[in-house]
Amino acid sequence: MEPAMPARGYVMVFLALVGLTAATVGLAYLDLGPWHATVGLTIAGIKALLIALYFMHVRHATGLVRVFAVVGLFWLGILMALTITDYATRAWLL
Amino acid sequence: MPLDHSPLAHHFRDLDQQHEAATLGMWIFLSTELMVFGALFTGYTVYRAAYHAEFAAASALLHIGIAGINTIVLLTSSLTMVLAVHGVRQGRRQLVVRCLIATAVLGTTFLVLKVFEYHGDYRDGLVPGLSFQDQEWLSHDPPLKPGAVKLFLFCYYAMTGLHALHLLIGIGMIAVLTWQTARGRYTPYSFNPVEVGGLYWHFVDVVWLFLLPLLYLVGPRGG
Numbered sequence: 003m004e005p006a007m008p009a010r011g012y013v014m015v016f017l018a019l020v021g022l023t024a025a026t027v028g029l030a031y032l033d034l035g036p037w038h039a040t041v042g043l044t045i046a047g048i049k050a051l052l053i054a055l056y057f058m059h060v061r062h063a064t065g066l067v068r069v070f071a072v073v074g075l076f077w078l079g080i081l082m083a084l085t086i087t088d089y090a091t092r093a094w095l096l
Numbered sequence: 017m018p019l020d021h022s023p024l025a026h027h028f029r030d031l032d033q034q035h036e037a038a039t040l041g042m043w044i045f046l047s048t049e050l051m052v053f054g055a056l057f058t059g060y061t062v063y064r065a066a067y068h069a070e071f072a073a074a075s076a077l078l079h080i081g082i083a084g085i086n087t088i089v090l091l092t093s094s095l096t097m098v099l100a101v102h103g104v105r106q107g108r109r110q111l112v113v114r115c116l117i118a119t120a121v122l123g124t125t126f127l128v129l130k131v132f133e134y135h136g137d138y139r140d141g142l143v144p145g146l147s148f149q150d151q152e153w154l155s156h157d158p159p160l161k162p163g164a165v166k167l168f169l170f171c172y173y174a175m176t177g178l179h180a181l182h183l184l185i186g187i188g189m190i191a192v193l194t195w196q197t198a199r200g201r202y203t204p205y206s207f208n209p210v211e212v213g214g215l216y217w218h219f220v221d222v223v224w225l226f227l228l229p230l231l232y233l234v235g236p237r238g239g
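Chains as they are written, first to last, in my numbering: chain F, 3 to 96; chain H, 17 to 239.
Don't take each hint at face value.
Said to hold, decoys possible - As a list, the in silico SDA-like pairs of lysine to any residue whose alpha-carbon atoms are at most 25 Å apart:
id: 1; chain 1: H; residue 1: K130; chain 2: F; residue 2: Y31
id: 2; chain 1: H; residue 1: K166; chain 2: F; residue 2: R10
id: 3; chain 1: H; residue 1: K130; chain 2: F; residue 2: R92
id: 4; chain 1: H; residue 1: K130; chain 2: H; residue 2: F57
id: 5; chain 1: H; residue 1: K130; chain 2: H; residue 2: L77
Hint data in this document are derived by calculation from the structure and do not stem from the laboratory.
Isolated chain H (complex conformation) (with noise of 0.2 Å):
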């Protein structure tokens, strides 16, 4: 089949060499994107060891069910990634697309699923400013700081939040590989937006990974 261009860029030995230089790329991105969620986690991990009880009290009134189901998505949405690029090595286009399709339905049921939970959050008194209060916590037995509470709230806000802003560029980038997969642009040399965008949804799977156990099961949860 006639290519306008070779897939092999000018200033690479070989393909493979071409391949091995975009994966780097990749990950080298994929280390600052760590550094910006480990900052996170590092605040986080300090609050929570200065504010243990208030942390463990406002853990176990998130909905872990919600969690549990959007971690299994996510882990799901992963698998058919990783089939996509499994596929497009293969010359398999047709597969492709549904893989991707699918990674994209299952990223945004994740949102959807989300959304659901926040408003849950709202109705059960969890958003500073908003349906907080304070009394609540301070006739906690033993006394909890409200401040301190909130304090958990804001950081499962802003690292949920972030790593849902994540998954939402994610869906887009992968909008933009299955259009570009029906358009017959990849080939079985030529592949790796599809294997690098693998790797960015991988990345924020694993992410949410992490939150899951550090924002959810702070303490025990009662039966």
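Only chain F is shown next, with the shape it has when bound in the complex (with noise of 0.2 Å):
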């Protein structure tokens, strides 16, 4: 079974996720109002997904197996969505 992509390939994606790592640090350190957990949870997105791509090798992955890997996420987002609607609705929950 040939391999998906070279080494060099994950250690580029690995220096990536350092550097960003880098950026959610530092950019805490400036004050950005209301907007530090946007970012940090956007850079965190990033770096989630190139680990999904690469390094789980979605990206040169069947299409079941793609589906597999995301539907996770839309069973949360019924959770997520459900539970904080149901506190944001109701102001006499919390």
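Combine the two chains into a complex, taking the hints into account.
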């Protein structure tokens, strides 16, 4: 079974991940007001995407594997959406 | 090299299908894991929205230095893990063993640093029931609710603790994979346990990548 991509590619993804980590921590020392969470989570999302696509081989995977890889996020979305809207729309809950 | 049994199990059409089935199985398991951590993350999100000031104040006292180093440690371990999977596809047994050992060592380093971090948290009065002082937070400017601060800390210990438990189990799994690789169990045609073990390891890494901004970087940190 031939490898999906050369070893050098993995090292480059790794360097990108380290750079994004430095950005995450560095940006925390600036005053971004209400944007800290959004910025931090967006960078984390990009890192997760890089790991999923390249380290977890989703980029070169079959369609069925890709569906299985993202479907968990769909269920997690239901969990978060219904829970958070429940609390957000009932002021007497918290 | 003669094998005492074919790597292809009889109920699969070919090795590719067997490989895909193993991959799908692990992704299903990772989906369930995502729901476990996701439930904790959702609870944390609700309480953070309700008590943002307390959460930001407590978050600023966590040890971002150790957390940052630990993030690099885990990212490096993901690199060594994927290089191990890459190596086993090429039949390079010694390289695979070295990469797996490196992965386990880096994972253990994370846990050791975590112990130091928890000890530091204890010394800083951040362990409810042990070193936490209500008065310290009430005399804050503006005053903060100690109960809400403790809520943040419970979330912090629960989420990082569950993550650390997953990491510990992962290290055990890597140890088994290393031993089996050294015994010549995996070939370029039969290496599914190494690949799906890698998927689990990367998942644990991704969980940490979200824990870092969510727990340690709630608000701006002073220079």
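Exercise for review: Starting from K166(H), check that the Cα of R10(F) is at most 25 Å away, please.
Suggested key: Violated, at about 46 Å.
Check your understanding: Is K130(H) within 25 Å of R92(F), Cα to Cα?
Key -> violated (38 Å)
Check your understanding: Regarding the pair K130(H) and F57(H), is the alpha-carbon distance no greater than 25 Å?
Key -> With a Cα-Cα distance of about 20 Å, the restraint between K130(H) and F57(H) holds, given a limit of 25 Å.
Check your understanding: Given the hint that K130(H) pairs with Y31(F), does the C-alpha gap stay at or below 25 Å?
Key -> With a Cα-Cα distance of about 23 Å, the restraint between K130(H) and Y31(F) holds, given a limit of 25 Å.
Check your understanding: Does the alpha-carbon distance linking K130(H) and L77(H) stay inside the 25 Å limit?
Key -> Holds, because 15 Å separates the two Cα atoms, which is no more than 25 Å.
Hint compliance for this structure: hints 2, 3 are broken, all remaining hints hold.
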